[in-house]
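Visitor: Turn these sequences into a full structure, and let the hints guide you.
Residues per chain, in single letters:
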Amino acid sequence: MQKMRFLVYASLICLLTVINSFAAETVRRVVIYDNLVTEIGAPPASLISVDNSDLWVTLADLKRATKFVLKPQGVCRDQLCFPIPKKRRTAFLSQQGSVTWFNLSEFARLLRQPVAHDVETAVWYFGPRAEEQNGYLSSFTAPNFKLPDMSGKLHSLSEFRGKKVLLLTWASW
Amino acid sequence: MVNVPTAVWINERGRIVRPNEVAFVDNRYKSMTQLEADEYLNAIRDWVANGEKSAFVLSEQELKGRIAPQNSEWAQAAAEFGLAEYLYHQGKSAASISHYKEAQRLNPDSWNYKRQAWALSDAERDYGTNFMKEVQKLNGKPYYAPRQLPEIKKQK
Numbered sequence: 218m219q220k221m222r223f224l225v226y227a228s229l230i231c232l233l234t235v236i237n238s239f240a241a242e243t244v245r246r247v248v249i250y251d252n253l254v255t256e257i258g259a260p261p262a263s264l265i266s267v268d269n270s271d272l273w274v275t276l277a278d279l280k281r282a283t284k285f286v287l288k289p290q291g292v293c294r295d296q297l298c299f300p301i302p303k304k305r306r307t308a309f310l311s312q313q314g315s316v317t318w319f320n321l322s323e324f325a326r327l328l329r330q331p332v333a334h335d336v337e338t339a340v341w342y343f344g345p346r347a348e349e350q351n352g353y354l355s356s357f358t359a360p361n362f363k364l365p366d367m368s369g370k371l372h373s374l375s376e377f378r379g380k381k382v383l384l385l386t387w388a389s390w
Numbered sequence: 099m100v101n102v103p104t105a106v107w108i109n110e111r112g113r114i115v116r117p118n119e120v121a122f123v124d125n126r127y128k129s130m131t132q133l134e135a136d137e138y139l140n141a142i143r144d145w146v147a148n149g150e151k152s153a154f155v156l157s158e159q160e161l162k163g164r165i166a167p168q169n170s171e172w173a174q175a176a177a178e179f180g181l182a183e184y185l186y187h188q189g190k191s192a193a194s195i196s197h198y199k200e201a202q203r204l205n206p207d208s209w210n211y212k213r214q215a216w217a218l219s220d221a222e223r224d225y226g227t228n229f230m231k232e233v234q235k236l237n238g239k240p241y242y243a244p245r246q247l248p249e250i251k252k253q254k
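Protein sequences appear in the order of chains P and R.
With the working numbering applied, the first sequence covers 218 to 390.
With the working numbering applied, the second sequence covers 99 to 254.
Keep in mind that a hint or two might mislead.
Unchecked claim - Take a look, some chain R residues computed to stay more than 10 angstroms from chain P by CB distance:
| id | residue |
| --- | --- |
| 1 | E110 |
| 2 | Q132 |
| 3 | E137 |
| 4 | N140 |
| 5 | P167 |
| 6 | A173 |
| 7 | L185 |
| 8 | K199 |
| 9 | R213 |
| 10 | V233 |
| 11 | L236 |
| 12 | L247 |
Unchecked claim - Selected chain P positions facing chain R (Cβ under 7 angstroms, derived; list incomplete):
| id | residue |
| --- | --- |
| 13 | I249 |
| 14 | C293 |
| 15 | T338 |
| 16 | R378 |
| 17 | L385 |
Stated by the list, open to error - Straight line, CA to CA, 27 angstroms or less: simulated DSS-like cross-link-like pairs of lysine-lysine:
| id | chain 1 | residue 1 | chain 2 | residue 2 |
| --- | --- | --- | --- | --- |
| 18 | P | K303 | P | K280 |
| 19 | P | K380 | P | K363 |
| 20 | R | K190 | P | K363 |
| 21 | P | K370 | P | K380 |
| 22 | R | K239 | R | K162 |
| 23 | P | K284 | P | K380 |
| 24 | R | K235 | P | K363 |
| 25 | R | K128 | R | K235 |
| 26 | P | K370 | P | K381 |
| 27 | P | K381 | R | K162 |
| 28 | R | K231 | R | K128 |
| 29 | R | K235 | R | K199 |
| 30 | P | K381 | R | K151 |
| 31 | R | K128 | P | K380 |
| 32 | P | K303 | P | K288 |
| 33 | P | K380 | R | K151 |
Please keep in mind that the hints were generated in silico from the structure rather than gathered at the bench.
For each residue, glycine too, the CB sits at the ideal point set by N, CA and C.
Guide: Here you go:
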């Protein structure tokens with residue numbers, strides 16, 4: 218009897234967890250792409266998978282969150298275009314009434330881009346690809362970071378081109 | 099950068115010529131570190147005077163030996179860490195913990211992921227460890243990049 222009660226409770230907890238995460242994805246999602254934080258609308262219920270492994274976005278949200286746009290030749294940003302595999306087109310695009318939805322997480326898998334997802338808060342973080350990072354490393358160019366001065370004014374590394382920079386970390390204890 | 103004081107040298111074109119390493123510029127911790135600050139200060143002076151010809155400017159080969167290339171697990175760890183940071187700064191510290199842990203699991207050698215997570219939480223409660231315990235496990239091996247000035251230049 219006790220075992221049965223335990224199984225019922227365990228099932229209820231699992232169900233509530235699934236419902237809770239499902240609910241988070243149906244309200245709003247936050248996408249962080251190239252450090253840009255964008256809140257995007259919820260997809261129709263038919264596009265929410267139980268395991269929350271897919272992030273479907275409208276083409277307008279795709280552009281707002283990532284600067285990528287859908288073109289006949291593929292998904293493009295500036296001069297860079299990634300063709301959508303013809304045989305797997307439905308994994309990337311879904312027409313729901315008059316709205317075209319794009320599977321941003323599937324696109325990340327195609328590019329081998331790392332994605333971290335917090336199911337409870339519906340936050341999706343898209344990180345730089347290893348190959349992209351290694352591009353910096355092969356040239357040994359320092360990333361163009363910004364740091365505040367003593368009065369809080371931000372300065373970027375690029376302001377110091379033409380000068381040697383000693384980037385020293387210290388603590389004020 | 100996982101400890102202080104450390105420094106990176108970046109040349110006029112924005113290129114790293116010495117990656118992050120220990121950079122004591124005075125001798126207040128010499129009794130603990132056995133590091134003479136003058137050697138490092140002289141190396142900086144040599145770089146300022148001689149630029150790319152300074153022996154302290156590392157060759158491409160030396161740089162490659164000191165900067166590890168990314169792999170897919172490390173890239174995923176960086177994404178998990180980025181997500182954890184976002185959640186923490188949104189006031190969702192409880193939600194951030196599992197992502198800090200995942201970053202640490204995927205890139206166990208990164209002390210950035212460890213120190214940041216421990217500093218933002220009750221490390222014992224949330225991670226079952228703390229900074230001093232983990233340092234002791236290293237048996238004296240530094241968790242940060244040690245200073246590696248060329249031997250011949252130490253006599254300059």
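Visitor: If you check each hint against the structure, which ones fail?
Guide: 1, 5, 6, 7, 14, 23, 24 and 31
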